[in-house]
Amino acid sequence: MDNTVLEFNSVTFSYSGPDNDTKILDSLDFRVQEREFVSIIGASGSGKSTLFRLISGLEQPSIGEILINGNYLTNRLGHVGYMPQQDLLMPWRTIVENAALPLQINSYRKDEARKQVTALLDEFGLSGYENRYPGDLSGGMKQRVSFLRTILTGAPVLLLDEPFSALDAITRLSMQEWLMEQWEKRKKTILFITHDVNEALYLSDRIFVFNQTPVHALEEIKIPMKRPRNLKDLNRPEMIALKDRLLDQLRLKVKP
Amino acid sequence: MKIWREYTLTISLLFILVFFWEVTARIINMAFILPSPTAILVKLWELKVVLIAEHLPATLLIIFIGLAISILLGVGLAVSMNQSKIIEKAFYPLIIFSQMVPTVALAPIFILWFGYSIWSKVLVTVLITFFPITINTYDGLRSGSKELKELLLTMGARKKDIFFIVNVPTALPHFFSGLKVAVTFSVIGAAIGEWLGAQAGLGYFSRRMMTQFDGAGVFAPIILLSVVGILLFLLVKWIENKSLKWRQSQ
Ligand SMILES: Nc1ncnc2c1ncn2[C@@H]1O[C@H](COP(=O)(O)OP(=O)(O)OP(=O)(O)O)[C@@H](O)[C@H]1O
Ligand SMILES: [Mg+2]
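Protein chains in written order, with UniProt numbering: chain A, 1 to 256; chain B, 1 to 250.
Simulated from the structure, these hints should not be mistaken for laboratory data. Heads up, some of the hints might be wrong.
To be verified - Label-pair ranges, simulated between beta-carbon atoms:
1) A/G128 to B/L172: 21 to 31 Å
2) B/S117 to A/Q116: 52 to 62 Å
3) A/G135 to B/K159: 25 to 35 Å
4) A/P91 to B/L73: 22 to 32 Å
5) A/P91 to B/V18: 36 to 46 Å
6) B/S84 to A/Q116: 29 to 39 Å
7) A/P91 to B/Q83: 16 to 26 Å
8) A/G128 to B/V227: 43 to 53 Å
Note that CB positions come from ideal geometry on N, CA and C, so glycine has one too.
Starting from the given sequences, assemble the full structure and let the hints guide the process.
Here's what the structure looks like:
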């Protein structure tokens, strides 16, 4: 049985500038299976966020097609859950109102939306904060609200763009464990952009490396660790070897 | 009280200025040119019934009608310009141009058009108060974050959703800034209007005292006008704080 939820078929994409076009993807192919956790890693400016903009439908490929759940859609807006690089919480809305945003857009009744959000607050470590404003929350909590909002889109495929990059190391570790739990429990497919090799190794089934721009073929690395995982597993020799390989590749890329 | 502590410096400065004014006025000793603050206060007290019962309501009516029209006009223009590039191209330069025209010079023409009725004064008020409301609201509507709008798009939002969820709330603080400027201007607008032609109102009264060389009588209604301006400003600030509660958690 084929469980492909996301498929790129020879996708080419360029940003058109005033005098020249910047090619980001060059006839790229890849597939992501249902309930997979895929990390995307690559140097700054290599086109990771652009990939997400294409999947979510904010940009359209110049050539090629993008399939979601086996369907080719020209308008993909509203079909995947996108969690952007900044938390983008609205400071004038309470936590519940922020999280309920996708429900509001899908015309849920106000009390119905509120009920759905409230039912999840506890699990997201946010109970007691429902009527507070984002300005009152710590960085980790804001990211959890932003993730809750992404979950509430109801989309099976979630795109997370460096969700933890602004957090301190300790908060980050606990958020990673928490994200793993949520991913398993909610049976989602996750694409996850990060700059942190350890984070990618710990969380993913596969890692895609953006090794050049424009990218023609993503370097793909399978992570052999079994689940449930433990952070200590990262110290096993084969994982350290894998990490060295990854770091070498990234270093090659960064060299001028 | 907190308020007193916050404004200690302002109040002290004001006190010093008034004190020098008093001293200077007493030295010059020509009340029709420079009445002393105490003389003005005494005058204000003597005239309190006429000013408050007769002339203040006339002025307030102009201010409120003028502000109401300015709010409707300003917000309407801002929203239309935000929604349509064509309207923006057509109106924006005209709106700026309307502020280059010296209102005081135009006011006599309004009086020719509308006579001594309330509308000539309302028009002057509208002409100088709609501008800060329009421009601030317009800028506010445009200042919504692009990233946030894109996030809404990925959730399947329509144009209308983006307008009400992103643009309106981001414009609200800008609207209030504009309104705060507008209410202070509205007092000036009403006074200029009345100054040029009216049968009642604080501006009209001030001018009448001028023709009688009553310096203190000129200043007394002006003091009352400033008080009205300050109270209106505080009222807007209070409404602003009520409707933008989230700002306290920033
Ligand atoms: N709207 C745009 N118009 C033109 N060029 C753009 C646009 N957005 C991004 N780019 C360019 O495309 C390239 C890829 O950008 P992208 O944001 O996808 O990189 P990234 O891998 O996400 O980087 P980072 O790790 O810093 O987030 C960059 O060189 C950037 O300058
Ligand atoms: Mg990026």
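A quick look at each hint next to the structure:
At about 28 Å, the beta-carbon gap between A/G128 and B/L172 stays in the expected band of 21 to 31 Å. Taking the beta carbon of each, B/S117 and A/Q116 are about 58 Å apart, inside 52 to 62 Å as hinted. A hinted range of 25 to 35 Å for the beta carbons of A/G135 and B/K159 is consistent with their spacing of about 29 Å. In this structure the hint that A/P91 and B/L73 lie 22 to 32 Å apart at CB holds, the actual value being about 29 Å.
Taken as a hint, the range 36 to 46 Å holds for the pair A/P91 and B/V18, whose Cβ atoms sit roughly 42 Å apart. The given range of 29 to 39 Å is respected by B/S84 and A/Q116, whose C-beta atoms sit roughly 37 Å from each other. Take A/P91 and B/Q83: their Cβ atoms lie about 25 Å apart, and the range 16 to 26 Å holds. Here the CB-CB span from A/G128 to B/V227 is close to 46 Å, well matched to the stated 43 to 53 Å.
Violated hints are absent here; each numbered hint is respected by the structure.
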